[in-house]
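K.L.:
Given only the sequences and the hints, what does the whole structure look like? Please build it.
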Amino acid sequence: MALLSLRDVHVRFNTAAGTVHAVNGVSVDLAVGETLGLVGESGCGKSTLGKAILKLVPVASGAIVVDGTDIAPLRGAALAEMRRKVQMIFQDPYGSLNPRSTVGRSVAQPLVLAGWKPQAVAERVDTLLGWVGLPADARQRYPHEFSGGQRQRIGIARALALSPRLIVCDEPVSALDVSVRAQVINLLEDLKGQFGVSYLFISHDLSVVEHIADRVAVMYLGTLVELGGRDQIWRNPQHPYTRALLAAAPVANPKLARTRQRTVLQGELPSPLDPPSGCPFHSRCTLAQDRCRAERPLLRPVSSGAMAACHLA
Amino acid sequence: MPGSAVPLEVEGLRTTLFTRRGEMKAVDGLSLRVGAGETVALVGESGCGKSLSALSIMRLLPDPPARIVGGAVRLNGRDIVALSEEAMLDVRGREIGMIFQDPMSALNPVTTVEKQISEVLTAHTELGRGQARVRAHELLEQVGMPDAGRRLDAYPHQLSGGMCQRVVIAMAIACNPAVLIADEPTTALDVTVQAQVLALLRKLQRESGMAMIFITHDLGVVAEIADRVVVMYAGRKVEEAPVDDLFERPLHPYTAGLIGATPIPGAERAARLADIPGMVPPLNALPAGCAFAPRCPRALPRCRAEAPVLEEAGPGRAVACFAPGAP
Chain S
1 MALLSLRDVH VRFNTAAGTV HAVNGVSVDL AVGETLGLVG ESGCGKSTLG KAILKLVPVA
61 SGAIVVDGTD IAPLRGAALA EMRRKVQMIF QDPYGSLNPR STVGRSVAQP LVLAGWKPQA
121 VAERVDTLLG WVGLPADARQ RYPHEFSGGQ RQRIGIARAL ALSPRLIVCD EPVSALDVSV
181 RAQVINLLED LKGQFGVSYL FISHDLSVVE HIADRVAVMY LGTLVELGGR DQIWRNPQHP
241 YTRALLAAAP VANPKLARTR QRTVLQGELP SPLDPPSGCP FHSRCTLAQD RCRAERPLLR
301 PVSSGAMAAC HLA
Chain H
1 MPGSAVPLEV EGLRTTLFTR RGEMKAVDGL SLRVGAGETV ALVGESGCGK SLSALSIMRL
61 LPDPPARIVG GAVRLNGRDI VALSEEAMLD VRGREIGMIF QDPMSALNPV TTVEKQISEV
121 LTAHTELGRG QARVRAHELL EQVGMPDAGR RLDAYPHQLS GGMCQRVVIA MAIACNPAVL
181 IADEPTTALD VTVQAQVLAL LRKLQRESGM AMIFITHDLG VVAEIADRVV VMYAGRKVEE
241 APVDDLFERP LHPYTAGLIG ATPIPGAERA ARLADIPGMV PPLNALPAGC AFAPRCPRAL
301 PRCRAEAPVL EEAGPGRAVA CFAPGAP
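Residue numbers (our numbering), protein chains in the order written: chain S, 1 to 313; chain H, 1 to 327.
The reader is advised that the hints may include incorrect statements.
Said to hold, decoys possible - Label pairs and their computed distance ranges (CB to CB): (1) H/ALA305 x S/GLN140: 30 to 36 angstroms; (2) S/GLY196 x H/GLU23: 50 to 56 angstroms; (3) H/SER208 x S/ARG262: 17 to 23 angstroms; (4) H/ALA199 x S/MET1: 45 to 51 angstroms; (5) S/ARG262 x H/GLU312: 31 to 37 angstroms; (6) S/MET1 x H/PRO277: 36 to 42 angstroms; (7) S/ARG293 x H/PRO282: 55 to 61 angstroms.
These are computed hints drawn from the structure, not numbers from a lab.
For every residue, glycine included, the Cβ atom is placed at its ideal position computed from N, Cα and C.
P.N.:
Here's what the structure looks like:
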C-alpha cells in the first residue's frame with residue numbers, strides 16, 4: 001500500500017482577480033521508503049501541493065490518503081495523529097523557527113504537544129540534536145546564533161521529533177551555500193537510511209532532485225506533465241516541457257555545456273488565473289497541434305516506461 | 001594610451017569594513033583583468049567578498065562601514081579609485097554597467113520602464129526626450145522583451161521577474177559600456193528564464209565585445225558562461241584558471257570541494273555528495289594562516305601558521321595553496 005496517495009487533487013484560491021487553479025487534478029502515489037522529487041518552476045503549484053498534504057491549504061476536490069486514511073474529514077486528535085506521521089521542512093529555516101524560543105524549546109514543541117513527560121522530552125531533544133549533527137549546547141541557544149545550514153538542521157530535528165513516516169521537504173536547500181547544501185542533502189539521505197522515512201522533495205533545482213530522488217514528478221501550471229523513475233526522466237524525457245526544463249538546467253561541466261543542444265524555452269508562464277485551453281503547455285510548445293489546443297492530455301504510460309501527459313509522446 | 005586594450009584591470013584591491021567589532025578585511029588584495037569580449041566568473045560562497053568586490057569596482061560601497069583602503073581599479077586604463085562621486089556619476093552607466101540579483105528592487109516601482117531607460121540615455125548622451133524614447137524601444141527589442149512597444153509604458157510590477165531583468169540589462173547596456181558587472185543576475189530566476197537571460201548576455205557580449213564580470217555561487221552557471229574563473233574565499237582570490245582547466249583539474253582544495261559538492265545531472269549517481277565540513281568563517285574571526293585550513297582535507301601544519309600567497313601554476317593559472325592538487 002502506498003504511504004501517500006493523491007487522487008485527482010484540486011486546490012483553488014479565490015482572489016480579487018478571479019479563481020486561481022493552483023493544483024489542477026494531480027494523482028500520484030508515494031511508496032514507503034521512497035523519495036519522490038517534485039519539480040517545476042515558480043507558480044506551478046508544487047509548494048501548494050506539499051501544503052495540501054499536511055492540510056495546510058484547503059483541497060477543493062479529490063482525495064489525499066495518508067497511510068490508508070483519507071485526511072479530508074480529520075479533525076482534532078485524528079488530525080494531530082496524521083500530522084505526527086507527516087512533517088514538513090521549509091526553505092527558510094530562520095522564518096520557520098521562533099526567534100524568541102531556544103532551539104531546545106523549538107525542537108521539543110511537537111513532543112510537548114504530543115503529551116510527552118519533561119524527562120522524556122529532554123532526552124529525546126538531545127538524541128535529535130545528535131542525529132542532525134548539532135552540538136549538545138545548541139539547546140540553550142537561539143536561532144540567530146546559528147548559520148543557515150545549522151538552522152536547517154534544527155528544522156530537520158524538529159521534523160523528526162515524533163518519528164514521522166513522511167517528510168515534505170519544500171526547497172530545503174535552496175537558501176544554502178553550495179558546500180553546506182551538500183552537507184544537508186547527505187544528512188537527509190543518512191536519516192532516510194537510518195529510519196526509513198520517505199520524502200516528498202520539492203525543488204526547482206534539477207541537479208539536486210536528480211541526486212536525491214528515486215522517482216520524479218514534473219509539474220506545470222498545476223498539473224503533472226510527467227512522472228517516472230529518475231533515470232527515465234533524465235535519460236529519456238517524453239514531455240516537451242520536461243525536455244525544455246532539463247535543457248535549461250545549467251550543467252557544472254563546461255565541455256558538456258558547450259556541446260549539448262541548447263533549445264531555450266521561449267515565452268513566459270501563462271497566468272494560472274486564465275490557463276490555456278487543452279494542454280496547459282501548448283502556448284509554449286514547439287510541437288503543438290490543433291488537438292493540443294482543444295483537448296487536455298491525460299497522464300498515461302508512454303514508451304519510456306514513465307507516464308506523460310502529452311498527445312504526442 | 002597603449003595599455004588601454006584591457007577594459008578592466010583590478011590590482012591589489014583592498015576593501016575594509018570599519019565596524020564597532022573592529023576592522024574586517026572584506027576584500028584582501030584582489031587582482032584581476034578582464035579583456036574585451038571576455039567573461040570572468042567570480043565564484044564563492046556567501047561572505048567570501050565577491051559582491052563587495054563588485055561594489056568596490058563600481059565605487060558603490062556603503063560608506064560607512066566599507067571603504068577602499070588600497071589598490072587600483074583601472075577602467076580603460078584610468079584608475080577610478082580616487083575619482084570624486086561627481087566624476088563617478090558620469091562613469092557609471094556610460095563606461096561600466098551593473099546588473100543585480102533582484103531586478104524588482106533594482107527598478108523604481110513608481111516609474112515606467114521607458115522613463116527609467118531614458119533617464120540613463122539623457123544623463124549620458126545628447127539625446128532629447130523623444131529620441132531617448134525611440135532608443136529605449138530599440139533597447140527593449142535588443143534585450144528580447146516580448147511585445148516591446150507595449151511594455152514601454154508598463155510599470156515594473158506589471159512585468160515578470162525575467163522581464164524586469166531584461167529591463168535592467170537594457171539600462172545597463174544603454175550607453176554601450178566597455179565593462180558589465182553582473183552580480184548573481186539569474187539567481188532569483190527560474191531555470192528556463194535563467195537560460196534565456198544567459199543566452200541574452202552571451203548575445204549582447206558577442207555584439208558589443210564588452211568585458212563581463214559574472215558573480216555567482218552556482219558552478220553550473222559558471223560552466224555555461226565563463227571564459228575564466230576567479231575563486232574567492234574569505235576575501236581573497238584562492239585560485240584563477242581558464243574554465244575548462246578549473247573543472248578538469250582544480251588546484252585549490254576549496255575549488256575541488258565546491259565542484260565535488262555540485263551534483264552533475266546525467267553522471268552516474270554518487271553514493272554521497274562530497275561536502276566541505278564546517279562553514280565559511282566570519283570575517284572578524286578568520287583563523288591564522290590559510291583561512292581555509294580548518295575545513296581543508298589536505299591541511300599541513302604550515303597552513304595553520306602561514307597564509308599562502310597566490311602563485312603562478314601553469315598557463316593562465318594561479319593558486320594560493322601550500323598543497324595544491326596536481327596540475
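K.L.:
So, for every hint listed, does it hold in this structure?
P.N.:
Quick rundown of the hints versus the structure:
1. H/ALA305 x S/GLN140: 30 to 36 angstroms: 35 angstroms, holds
2. S/GLY196 x H/GLU23: 50 to 56 angstroms: 51 angstroms, holds
3. H/SER208 x S/ARG262: 17 to 23 angstroms: 21 angstroms, holds
4. H/ALA199 x S/MET1: 45 to 51 angstroms: At 47 angstroms between Cβs, range holds.
5. S/ARG262 x H/GLU312: 31 to 37 angstroms: 35 angstroms, holds
6. S/MET1 x H/PRO277: 36 to 42 angstroms: 40 angstroms, holds
7. S/ARG293 x H/PRO282: 55 to 61 angstroms: 56 angstroms, holds
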